[in-house]
Amino acid sequence: MKKTENNEVKKERKINKNVVRALKLFILAIAAYIIGYAVFVFLHL
Amino acid sequence: MSKARQIIFTAGSWLAVLGSLALTFFRYFDSLGRLLTAFKDVGLSIAYYFCKLFLGWKEMPFEATVLHLPDVDLQKFISIDLSELARRFEAFVHAFFDQKYFFAYNEWLSLFLRQLTIILMLLFMIIALMIPVLSSVLFSEQDPSKRNTDSKPLKIFKWLTFKPYLTVRSWLSDLRVYLREHFYFVFLFSVIWLVNLNVLTIAIEFIAFYFYFAASFSFLDIPLQILKLLIDLIIMFSGAPLVFWLVAGYILFDKICRAIGYDKLWHNELKNRGFINTLNICVLISGSMGTGKTTLLTDMAISQAIMFRSIAYKKMQEHRYRLPNFPWANLEYSLSNMIKDGDLKGPAAVSRWINAKRKRFEKDPVSENCFGYDLEHFSKIYDDKLKISDVFDIVETYAQLYFIYSFGSPITVSNYSIREFCEVYDTGHMPQLTTELFECPSVPLDGGRYSKIIDFNILRPGKKVEPYDNNYGSFEFGVLAFSEFGKERGNSKENVGFKKTDETANPLNDKMNEFLKMIRHPSTVDYTPFCRVFSDEQRPESLGANDRDLFSLIWIAKKGDLRLAMPGFLFRDIFYDIALSLFKKYDRKSSACRSDNTLLGFLIKNILSAYLRYSEGIYNTFGYNKLRLEVESGRMDGGEVEVHDYFLSSKKVYSKTFSTDCFAEYFSEATLACNKGLDDLPEYETERPSAAEHNLQRSHFIRSLNENMRNN
Chain A
1 MKKTENNEVK KERKINKNVV RALKLFILAI AAYIIGYAVF VFLHL
Chain B
46 MSKARQIIFT AGSWLAVLGS LALTFFRYFD SLGRLLTAFK DVGLSIAYYF
96 CKLFLGWKEM PFEATVLHLP DVDLQKFISI DLSELARRFE AFVHAFFDQK
146 YFFAYNEWLS LFLRQLTIIL MLLFMIIALM IPVLSSVLFS EQDPSKRNTD
196 SKPLKIFKWL TFKPYLTVRS WLSDLRVYLR EHFYFVFLFS VIWLVNLNVL
246 TIAIEFIAFY FYFAASFSFL DIPLQILKLL IDLIIMFSGA PLVFWLVAGY
296 ILFDKICRAI GYDKLWHNEL KNRGFINTLN ICVLISGSMG TGKTTLLTDM
346 AISQAIMFRS IAYKKMQEHR YRLPNFPWAN LEYSLSNMIK DGDLKGPAAV
396 SRWINAKRKR FEKDPVSENC FGYDLEHFSK IYDDKLKISD VFDIVETYAQ
446 LYFIYSFGSP ITVSNYSIRE FCEVYDTGHM PQLTTELFEC PSVPLDGGRY
496 SKIIDFNILR PGKKVEPYDN NYGSFEFGVL AFSEFGKERG NSKENVGFKK
546 TDETANPLND KMNEFLKMIR HPSTVDYTPF CRVFSDEQRP ESLGANDRDL
596 FSLIWIAKKG DLRLAMPGFL FRDIFYDIAL SLFKKYDRKS SACRSDNTLL
646 GFLIKNILSA YLRYSEGIYN TFGYNKLRLE VESGRMDGGE VEVHDYFLSS
696 KKVYSKTFST DCFAEYFSEA TLACNKGLDD LPEYETERPS AAEHNLQRSH
746 FIRSLNENMR NN
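First to last, the protein sequences are chains A and B. Mapped onto the working numbering, the consecutive letters of the first sequence carry residue numbers 1 to 45. Mapped onto the working numbering, the consecutive letters of the second sequence carry residue numbers 46 to 757.
Hints in this document: simulated from the structure, not taken from any laboratory. One or more hints might be untrue.
Stated by the list, open to error - On the chain B side, residues computed to face chain A include the following (Cβ under 8 angstroms): (1) R133; (2) F137; (3) A140; (4) F148; (5) A149; (6) W153; (7) I619; (8) F620; (9) Y621.
To be verified - List of simulated lysine-lysine pairs, DSBU-like, C-alpha gap at most 30 angstroms: (10) K402/B to K432/B; (11) K385/B to K24/A; (12) K316/B to K17/A; (13) K544/B to K532/B; (14) K634/B to K17/A; (15) K17/A to K359/B; (16) K603/B to K17/A; (17) K24/A to K544/B; (18) K24/A to K316/B; (19) K508/B to K17/A; (20) K544/B to K556/B; (21) K544/B to K508/B; (22) K17/A to K402/B; (23) K408/B to K359/B; (24) K24/A to K309/B; (25) K24/A to K629/B; (26) K359/B to K385/B; (27) K17/A to K300/B; (28) K300/B to K24/A; (29) K17/A to K385/B; (30) K701/B to K603/B; (31) K24/A to K630/B.
Values in this document were obtained by computation on a predicted structure and should not be read as measured data. Ideal Cβ positions, reconstructed from N, Cα and C, are used throughout, including at glycine.
Okay, chain B solo, but in the shape it has when bound:
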């Protein structure tokens, strides 16, 4: 930012603040008076509260002024005075049910609608007349060689607007930076205008009545407060033009709608987590192509990874109250240093490390050998009325939980990439997790951290594929996610030809089934298994019965349309549909007849697409699909089928989270190696294929027909 701009911003900011302050005295003096009265009201209400509740006074030597009507001349703001307002307020309920007013209202409304209809008819007529004129301009056939050339009006428009636009943008961007650095200007300006527009008075009057009501419990005073609020609102709304309140009202409405939308998305997420907790450790998702199996698998894996860390944290808190005076920070510091140095690779290593500490402590039982715990004054044991544990028993479990909670890498291991949502921040104290799924910015171009690549050997206690550089034993806890798992394991028909005694690894001798059956054991910490297997397959029968029996089987029965969690989008949604339809119509017709750029086309395209981009953003943030899932046992023995709802949020599962075509690269390599395309395939000559054309199909069926003919 240049020095000159900085001086201008400083001068402008002071001018804005001092100008606003001047307006407080010359234009909004009534608001200032109301504010001072509100301070008096709140002071006397607090005094009333303490005298009544703590001193037990029945008669007060002062009056709670919160019950006084404001001393303002209402006729300055509206055409009626305070007594008239009070009269209308009292007569309102009776008049609301009076047929005289009802008929008068309907008469007024019909007149209003008549006038509105005339205006709308006129507008429609103008639009109807403009459509052929605009169409002839927009969709006239042009020379294709003029592609991407600007028309003269467009060139003039760009010349006139681009420079001012870029200048204004640069000034605004600098102003934002300046105000962020000099926040006191924003604060002063906001406070002055909260006073000017009487907003602060309303808030203080609310506090004043809160204290008065808490002590008096007088419901009869509530109507008076509503009247006071009405007067304050009249002062507030008359403080700025209608257009300001319309914009402010829209911003407030949008903020409330967004807050409700985020709340609903979280509610759905928590319902999903509750459902995941009801499933077996191994889960198989089935359904035909394109039903969203991998999407559901990914969504479940993400939720489970977050759940593991939060479960670990909750359990750590439980351990903290078991030994409230233990110096947990010392333990965490030593532990995190060991983890950073790579000395501790998993919960088993943590357990061994703590046991070594225990042995040292048993030899020399001093505080230093127990992480500085004050053994002299605080308990060395904990009795949970089930068993008695010593300090090191509790510390061992806590340390294992800490390892899982603060694990710096993704804890998802998969055969396709899944974005990790958990980020661990080392603050010097307890590491903090960010697990925000919805209220977060878009993933940047180079952003995102992805899951660990599965080495299937880590699941093979038996024979291993390429047994050198053995990773077996490295997996202790985490989420395993496999797309197309049946194709990896095969069933009894597909595995014909393999033998348990084969020298090389195959699905029969790698003992992965045994590992999956026992997977709960190495991953259990504090009675909780920190391991889950999620997989998908088009047909569950593709997985052998021995594998499949372990799984909860999920069928995606129904997938609902994309819905919005955010309310209040009805009108904007209707405009979105209209804008989308107009854009598509314009684009289809325009791209078919001309390739140059016109001013009208430029404006139509940019205005419509700005609105479409905004709406798309809303749908991508608040959109979700409701799935109807049917859950049964992997035995597939006709047992009970449970029906559950599951909610797939677009923001969670489509923000560079995974690739719906995760095996695409494998196929594209084959395609590129082939060096041929669809265009290289021959076409049929007529509607009846010739024998030669049939032979070009290289079909099993045609080949067998040919053989039959030859044999006969």
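So that you can see chain A by itself, here it is in the shape it has in the complex:
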């Protein structure tokens, strides 16, 4: 039987909250970089 040992609540295996935040910020920074580039190109055509 694949029941939880000792019927205890296991802590969810957590990725550090700040690592998740850093990843999100990194993705946002890339998105901002691309949008900024598009605006830059349009203004300098």
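Fit chain B to the given chain A structure using the hints.
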């Protein structure tokens, strides 16, 4: 509201409306021109749509002007003209992949970041220099006798700000009331500014192209519409300062994020309901202390109570199409009057009442004896291709379902209080239910209606505890929720000493097991059992095997951290953490060295706590925990264990819904009666307890050690 204020508000409102209208002609005349063109576009597009689709014309005697570029001088708004804009638009894709622009952009970006870094370094330096100065002011040791006294600057600040603040608040509150009563001002003002800022034009142009596209199906015209939209957006954004658009953009972004958040919470709730439907009628939740058993039990009971009413309603609708011309309103009116008068207590009584009506109808088969149903022109029977039912068969089931759906009291019966989320509103037509779980205001101080108190005798067909004032038979349908159910029923070891033949009631002779086994029967209406039993217990073995076999057994295997269903909170969440950390640091240091109030402390405390309260509100509204549940049969015979996810929403389960310490009052009475506290217990003298100190423990272990020593 005073008369003077009312006059000022009226004058102000007219001034705002007329001023805005004047601006339409003097400042936003181009927007007005665009609006008139948009009306022309939509008119001609609708004409194009009808001529093409309904008259089948191939050549139109008119032109669909939606394909024309707006006749506005763009150089009024930006430094380039329309042809230049079109040229840039065409050259954009090619230029986007040109390395010349890519390198130029990176060069510009590096310069920008360099300047930004210099500014930030300067700011950091200023902050670094300010910290010791502020700390010396904020955290200097003060005389404790000055507790809760305001410093001079704070007194001056309060004197300067409190009166204006209260006045402004009172004016704003009155203005809100005034505008609610005179809504036409808000409407006029909004329409004028939607025109001024070109928003209405964009919406109308969209409708114009919608009609044109539906008839022409011309994809090649889409780029032109994007260019038109771009021009309209330029007009729109140049209509107000940047700060206005930043605020408006933030409000819109927040609204969208909240809508997504509510949507996700509902999605989770529906997944939970789907999971509850897969379980047995009796459910036992197990897990060690503090794992959230009672929280899960409460959440399931709330969802189930709502589900029962919505199932009843869905089934009523099915009955409505079986006899589409039956005067259901007459039946509902008679029924609700009988329920209000207390003549009908449950589905069984409803069934008996309908049967009495049937008998009367059989004696005298006229329309009046069948709730006014037109028996002459409409069918008296219904054939569902399984069996043939007569009108009264269908009416009987409908009436029972109506009773459950419109039941005015909570349908949850429990041994601790659970807030009822369903509210029934009598509108004179079909009663309406409010079952909003998430998008609702906070529960007021005296608000909330709670579940019925369980009288366990209603589940005891055998011997009853205190058998006078017997309620057995009163429970026909509903949700039964029991916390610590094993302690109520006991297992074979705990029930040693009880006998079936005992004169007084005990778990062996009260026949509650038999009742739970048969509970589906009295509660079934239209093949659906309207009864569910939810319970929790730390160890399932605490419940005897005869009871436990009936249950689906749920183990709470994992409980995830609090997550947010609302997206777009990343930056606000980072600020929340920073604000919380600053507040705690300030509070810890400040409360340790001074008890008076300073201006700087007042400002820090209030600004930080305002932001913390806002963030807490977001977490309480959109926060949820994901539980990993393992479900097995109550037989505990090593059968298959199914794994499911369950979502506990903070807004649903923590808004005065139940008390996590529901048995606290019982213990506090014992504590108060004792009249002693922790401080009254003696302390150990040294690190090694003496024999006398051991004896003070009144321990079984020490007592047996003492007895052994005496015997030896």
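Going down the list of hints, with the structure as the test:
A hinted interface residue such as R133/B counts as satisfied when its beta carbon comes closer than 8 angstroms to some beta carbon of chain A; here the least separation is about 4 angstroms, so the hint holds. This hint holds: F137/B has a C-beta 6 angstroms from the nearest C-beta of chain A, less than the 8 angstroms allowed. For A140/B, the interface hint holds, the least distance from its beta-carbon to any beta-carbon of chain A being 5 angstroms, beneath 8 angstroms. Nearest Cβ of chain A to the Cβ of F148/B: about 11 angstroms, over the 8 angstroms cut. The hint is violated.
With 8 angstroms as the threshold, the beta carbon of A149/B comes within range of chain A, its nearest partner Cβ sitting at about 7 angstroms, so the hint holds. The beta carbon of W153/B is positioned within 8 angstroms of a beta carbon in chain A (closest approach about 7 angstroms), and the interface hint is therefore held. Contact between I619/B and chain A, as hinted, is supported at the beta carbon level, the nearest pair being about 7 angstroms apart and thus within 8 angstroms. Because the smallest distance between the Cβ of F620/B and any Cβ of chain A comes to about 12 angstroms, over 8 angstroms, the interface hint for this residue is violated.
The restraint placing Y621/B at the interface with chain A is violated, with a minimum CB-CB distance near 12 angstroms, outside the 8 angstroms limit. Between K402/B and K432/B the CA atoms are separated by roughly 22 angstroms; this keeps the pair inside 30 angstroms, and the hint holds. Distance hint between K385/B and K24/A is unfulfilled; the C-alpha atoms sit about 57 angstroms from each other, more than 30 angstroms. Between K316/B and K17/A the CA atoms are separated by roughly 26 angstroms; this keeps the pair inside 30 angstroms, and the hint holds.
Note on K544/B and K532/B: the hinted pairing holds, with a Cα-Cα distance of about 18 angstroms set against a maximum of 30 angstroms. With a CA separation close to 27 angstroms, the supplied pair K634/B and K17/A stays within the 30 angstroms bound. At most 30 angstroms may separate the alpha-carbon atoms for a hinted pair to count; K17/A and K359/B exceed this at roughly 44 angstroms. The suggested pairing of K603/B with K17/A holds, with an alpha-carbon distance near 18 angstroms, which does not exceed 30 angstroms.
A threshold of 30 angstroms between alpha carbons decides the hint, and for K24/A with K544/B the separation of about 65 angstroms lies outside it, so the pair is violated. Distance restraint check for K24/A and K316/B: the Cα-Cα separation of roughly 27 angstroms lies within the 30 angstroms cut-off, and the hinted pair is therefore satisfied. A threshold of 30 angstroms between alpha carbons decides the hint, and for K508/B with K17/A the separation of about 57 angstroms lies outside it, so the pair is violated. Simply put, K544/B and K556/B have alpha-carbon atoms about 12 angstroms apart, close enough for the 30 angstroms limit, and the pair holds.
Restraint check for K544/B and K508/B: the C-alpha separation of about 12 angstroms stays at or below 30 angstroms, so the hint holds. For the given pair, K17/A sits about 66 angstroms from K402/B by alpha-carbon distance, which is inconsistent with the 30 angstroms threshold. Taken as a hint, the K408/B and K359/B pair is broken in the structure, with Cα atoms around 33 angstroms apart against an allowance of 30 angstroms. The suggested pairing of K24/A with K309/B holds, with an alpha-carbon distance near 20 angstroms, which does not exceed 30 angstroms.
As the CA atoms of K24/A and K629/B are separated by approximately 27 angstroms, the hinted pair is consistent with the 30 angstroms bound. Proximity of K359/B to K385/B is assessed by CA-CA distance (about 23 angstroms); at most 30 angstroms being required, the pair is judged to hold. Among the hinted pairs, K17/A with K300/B is consistent with the structure: their alpha-carbon atoms are about 25 angstroms apart, no more than 30 angstroms. Distance hint between K300/B and K24/A is fulfilled; the C-alpha atoms sit about 21 angstroms from each other, no more than 30 angstroms.
A distance of roughly 55 angstroms separates the Cα atoms of K17/A and K385/B; the hinted pair therefore is violated under the 30 angstroms criterion. Proximity of K701/B to K603/B is assessed by CA-CA distance (about 25 angstroms); at most 30 angstroms being required, the pair is judged to hold. For the proposed pair K24/A and K630/B, the alpha carbon gap of about 28 angstroms is at most 30 angstroms, so the pair holds.
In this structure, the hints that do not hold are numbers 4, 8, 9, 11, 15, 17, 19, 22, 23, 29, in rising order.
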